[in-house]
Amino acid sequence: MKNDIGQAWLVIVLSLLFGGALAGVQAKLQGKIEENRLAETLSQIPRLVPGAQSGEATVLAGRSVYRAMVGERQVGWVLLAGGQGFADRIDLLIGLDVGVKTLTGLYVLDQRETPGLGNRIVEDAWRGQFVGKTTAAPLQVTKAEAAVQSEIRSVTGATISSESVCDIVNSTVADLRDELAAEAIRE
Amino acid sequence: MEYLSSLILIAVGAAIINNFVLHYFVGVCPFIGVSRRVDMAFGMGCAVTFVITIAAFLSWVFTAFVLQPGAPLTAWVWQTFSPASDVTVDLSILNYIVYIFVIASSVQFVEMYLRKFFPPLYKSFGVYLPLITTNCAILFACLMIMKYVSGVTGPEAWDLGKALTLAIFGGVGFTIAIVMMAGIREELDHCDVPVPMRGAGITLIVAGILAMAFMGFTGVDRALANLMK
Amino acid sequence: MAQQDGPTPLERFINGILPENPVYRQLLGMCPTLAVTNGMKAAMTMSAAVAFVLICANIVTSLIRGLLKPHLRILVFTLTIATFVTIADRFLAAYMYQMSKQLGPYVPLIIVNCIIICRCEVCASKQPVFTAASDAVGQSLGFALALASIATVREILGSGTWFGLRVLPEMWPDWVIMVLPPGAFLTLGLLLGTANWIGSLRAKGSQTSQEG
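In order, the protein sequences belong to chains A, B and C. Here the first sequence is numbered in the numbering used here, starting from 13 and rising by one per residue. Here the second sequence is numbered in the numbering used here, starting from 21 and rising by one per residue. Here the third sequence is numbered in the numbering used here, starting from 60 and rising by one per residue.
Bound conformation, chain A alone (with noise of 0.2 Å):
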């Protein structure tokens, strides 16, 4: 018994060094990685609400959303949405304007979909779709050409992954509407 502890000083004294390199590593980096984890959603909202400058996190219903901003003026909302795609989980940005009458744009934060297939959901084409539609009526996908307004054509071979994107906008914009309406900040 008194053999192992006298062997275990070595550990000990490993572990306390480690430890004190771990802490500095993680005082230097930890700014830094919280950094690029906010800036990836940050510096997409410009894109994703025309005209926004900059964006404010906020908590709403227990999720994820952001206001966008010009100065003090907000223009717009970003929410963080995520839901089941075809091979695993899809995580999307969806822009809406104030009123949440109309959606602004859509980012595909992650997916695993099949390479050259649910993969071309990130294409600035088929998300270019997005831009306009309203919010009055939830969105369909269309294997053709998209005939009626609330209509998204799919990628080609890859309709459950445009299904998922749209399942995602939908449910995600009816849960939160009418909190976001009601919290915006008005002029």
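Stretch by stretch, here's where chain C covers chain A in the computed footprint (C-beta under 8 Å, at least three residues):
#1 21-29
#2 32-39
#3 44-53
#4 124-131
No lab work stands behind these hints: they were computed from the structure. Quick caveat: nothing in here was measured; it's all calculated off a predicted structure. Backbone N, C-alpha and C fix where the C-beta goes; we use that ideal spot for every residue, glycine too.
With chain A held as given, fit chains B and C onto it using these hints.
Positioned in the frame of chain A, the structure of chains B and C alone reads:
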């Protein structure tokens, strides 16, 4: 009911759709090394499942209560020492070290348990039992739990039930894959494999074909989720 | 000249690259080899991370090799490796955020990468610092070579690019299977077979030249 359906989705996902070996590439070393005979493979699979469950349980407890930013136990200790500060203590930098120690201890525990209650099984494992510590699958399960627990709040955060489901069925998936591979290799022993491909080479090719087959399960969890809605 | 027990630093360095290549000859560290080789960028980042951890762990282990007791040494190796992997992981998250997200859980999985524990056990715990360091550098180069070979095949056939630059003409139908899990297994299996075959040819060649 919704909780049960989310558990079923996690279970099916971990065991079949996102199989640890054939989709995430963890646990490939024993998969190639130990899959010669079906009975050994099944024993290894069961041992890994056992270790994963214990390790996942301990990791979840440590992550949720000690390591994550704002963890209850650490916050309480910090409050008793410096009541005035409102700093959130974040010990998550120690995550990996804690996990690997938890895994090493779980393997030790299983070793002692087997040696006491199943001596012939313990003997047949030989050197492969302590090698389970370096099995990527176990650390991978802990990392998955960390992803859904550390710093995550609200309905997205995993409680102990979901963490254990992932662990157990991840182990089950590993067992399924390794037993399948053992069955195929027993047949391959009678085949005329080219000399350069013998051993690891042909095993990897077979694993590739198995992975292709398992790819067919993609989308099953989505259909299941719709079914259970 | 000090007495060297075991291979010299130069021998350790050269051995690590091809003769005792960690992936093709020792069959270690297959998890990252299969997981991150769907693109050259990810593969090279991973081999850089492994190189950092391997070199640091080998040096530290070699420095304390006189103090290691038999049944605590695995514990000490693991503690050292886990610390350096945490440092590498945090560093990647801070300065290469997108790549860190892409590599995901495979960076912390370096902790249980058999290559590093094996080198600590076989070389660093028994030989002086410079030998251990050259062993680490050699093995890292061998690992990088192995990852590069697999990543090249998978990326070119699977997306027509190399390091993100288009190398195959647009009309090439990307073999998407190559960047998915089955492609990883198939590529590694075939390349392993090829490596074995080349090895056996050279062995036969030296055998006939010895007999002749």
